[in-house]
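J.: Protein sequence lines correspond, in order, to chains A and B.
Position 61 of the first sequence, counted from 1, bears residue number 61 in our numbering, the numbering being contiguous throughout.
Position 283 of the second sequence, counted from 1, bears residue number 283 in our numbering, the numbering being contiguous throughout.
What the hints contain is simulated information worked out from the structure, not anything from laboratory work.
Honestly, I wouldn't trust all of these hints.
What the hints assert, rightly or not - Calculated lysine-lysine pairs in the DSSO-like style (CA-CA distance at most 30 Å, straight line):
1) K232(B) - K191(B)
2) K232(B) - K97(B)
3) K191(B) - K72(A)
4) K219(B) - K232(B)
5) K225(B) - K72(A)
6) K7(A) - K191(B)
7) K6(A) - K54(B)
8) K51(A) - K89(A)
9) K89(A) - K7(A)
10) K219(B) - K72(A)
Unchecked claim - Reference listing, derived: stretches of chain B covered by chain A, where coverage requires no fewer than 3 residues with Cβ under 8 Å from a Cβ of chain A:
11) 45 to 56
12) 68 to 79
13) 132 to 145
Note that the Cβ used here is the ideal one computed from N, Cα and C, for glycine as well.
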Amino acid sequence: MPEIIKKIIGISFLFYTLTVIQSSFLVHFIYCLPSLVLVSVLIINLKEEQKENFGLASGLIGGFFLDIYSDKCIGYYVVMFFIMGLFLKLVIKRILR
Amino acid sequence: MEFRSKKPFINKDEGMKSFLSGVSRFKSLRWGTVLLIVVSLFLLNLTPLSGGIKDFLYSLSAPLQERLWGTGSALSGFFEIFYRVEEVEKENEALRKENENLLSEKMQLERYGQENVSLRRALDLELQKDFTLISANPTGKDIFSDYLIINKGSADGMVFDAPVITEEKVLVGKVVEVYEHSARVQLLTAKGSSFDVDILDGETYGLAEGQGNFQLLLKLVPRDKEIGGGDKVFTSLLGGNFPQGLLVGEIRDIKKADVTSFQEADIIPAFEVNSLQYLFIITNFR
Chain A
1 MPEIIKKIIG ISFLFYTLTV IQSSFLVHFI YCLPSLVLVS VLIINLKEEQ KENFGLASGL
61 IGGFFLDIYS DKCIGYYVVM FFIMGLFLKL VIKRILR
Chain B
1 MEFRSKKPFI NKDEGMKSFL SGVSRFKSLR WGTVLLIVVS LFLLNLTPLS GGIKDFLYSL
61 SAPLQERLWG TGSALSGFFE IFYRVEEVEK ENEALRKENE NLLSEKMQLE RYGQENVSLR
121 RALDLELQKD FTLISANPTG KDIFSDYLII NKGSADGMVF DAPVITEEKV LVGKVVEVYE
181 HSARVQLLTA KGSSFDVDIL DGETYGLAEG QGNFQLLLKL VPRDKEIGGG DKVFTSLLGG
241 NFPQGLLVGE IRDIKKADVT SFQEADIIPA FEVNSLQYLF IITNFR
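Whenever a hint applies, use it, and build me the whole structure from the sequences.
T.: This is the structure we're talking about:
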């Protein structure tokens, strides 16, 4: 199996688990906890190299799971995270590096 | 000595052309992917496929979520005591006073042969008498807004727009999305939720409006009507959204401005999301 497919399956499983845990367990303790999926997508985008696109893919997958467990239509967070990924890639990285 | 390069000679223009065509191929591939995603999203939202996907993922995670919800609910109650010691002491004191008042009220009520404690405990039987109910368990809460996911769907007789209550006849919200084995409940406090309410005496009406983040605001109460902190708020039949007489919450922080002809107040909802274990859905209201 190609490396990228393995990575995508892994990240999908991780984001699904994070969403389920946050929406059913962590909501009892901290209401204002930021979305764990959002934080993960941010970290992946910031850590990866400029030429890699896995951050964008992880944004799409993470956004999809957040859309599933939120009241928004499917695509809302997908688009938001994709734009966020592009923003991080095109602007911040060019300024910082 | 003649120097011969092994590399084939490449014209500068040809190199540039090949580079540009590579860039253009790469760009078109990217735009193709974006276009594919956008079309997929449109298809998902315009067809019933999105409901099917949501239902599948909810059903898949429901057993785990039920356990996590139960564990979270139990643990949060346990840990809350540690960082709310002072508050708990004050609450305890207030409850003790309230208990004394209630005891005297109870004596009075017994004397007149009205409702007694055992009848109150049998409220669930009354519920069954008043409404056709489906019981469900919450399996998750929306991370960003006041919505719950419950483990019953159209296969169990769930209907759209059905009121959701607790066993104590406390209104929790209404069903806004129904899937085959799951449903989404909009809590009273969610943004966009508004319904008519009746305050204490049955002669004062107002509009309760969800503000999000478990906040509920009472609006459109005429200035000349006397309302006080602690007054109970119930649902009214006026708007036709919910059955009459379901407990919504208690009034706190009344805001009266001289320039407006209405007064506003915060309503503390009578339910706590953390302690919701069993929910009842009224399926025969409409």
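J.: Please go over all the hints and tell whether each is borne out by the structure.
T.: Status of the hints after comparison with the structure:
1. K232(B) - K191(B): holds, 22 Å
2. K232(B) - K97(B): Holds. K232(B) to K97(B) sits at ~19 Å (cutoff 30 Å).
3. K191(B) - K72(A): With a Cα-Cα distance of about 13 Å, the restraint between K191(B) and K72(A) holds, given a limit of 30 Å.
4. K219(B) - K232(B): holds, 15 Å
5. K225(B) - K72(A): Violated, at about 39 Å.
6. K7(A) - K191(B): Between K7(A) and K191(B) the Cα gap is close to 37 Å, so the pair fails against 30 Å, i.e. violated.
7. K6(A) - K54(B): holds, 24 Å
8. K51(A) - K89(A): Holds, at about 9 Å.
9. K89(A) - K7(A): Holds. K89(A) to K7(A) sits at ~20 Å (cutoff 30 Å).
10. K219(B) - K72(A): holds, 27 Å
11. 45 to 56: holds (count 4)
12. 68 to 79: Check passed, 8 qualifying residues.
13. 132 to 145: holds (count 7)
Hints 5, 6 from the earlier list are contradicted by this structure; the remaining hints agree with it.
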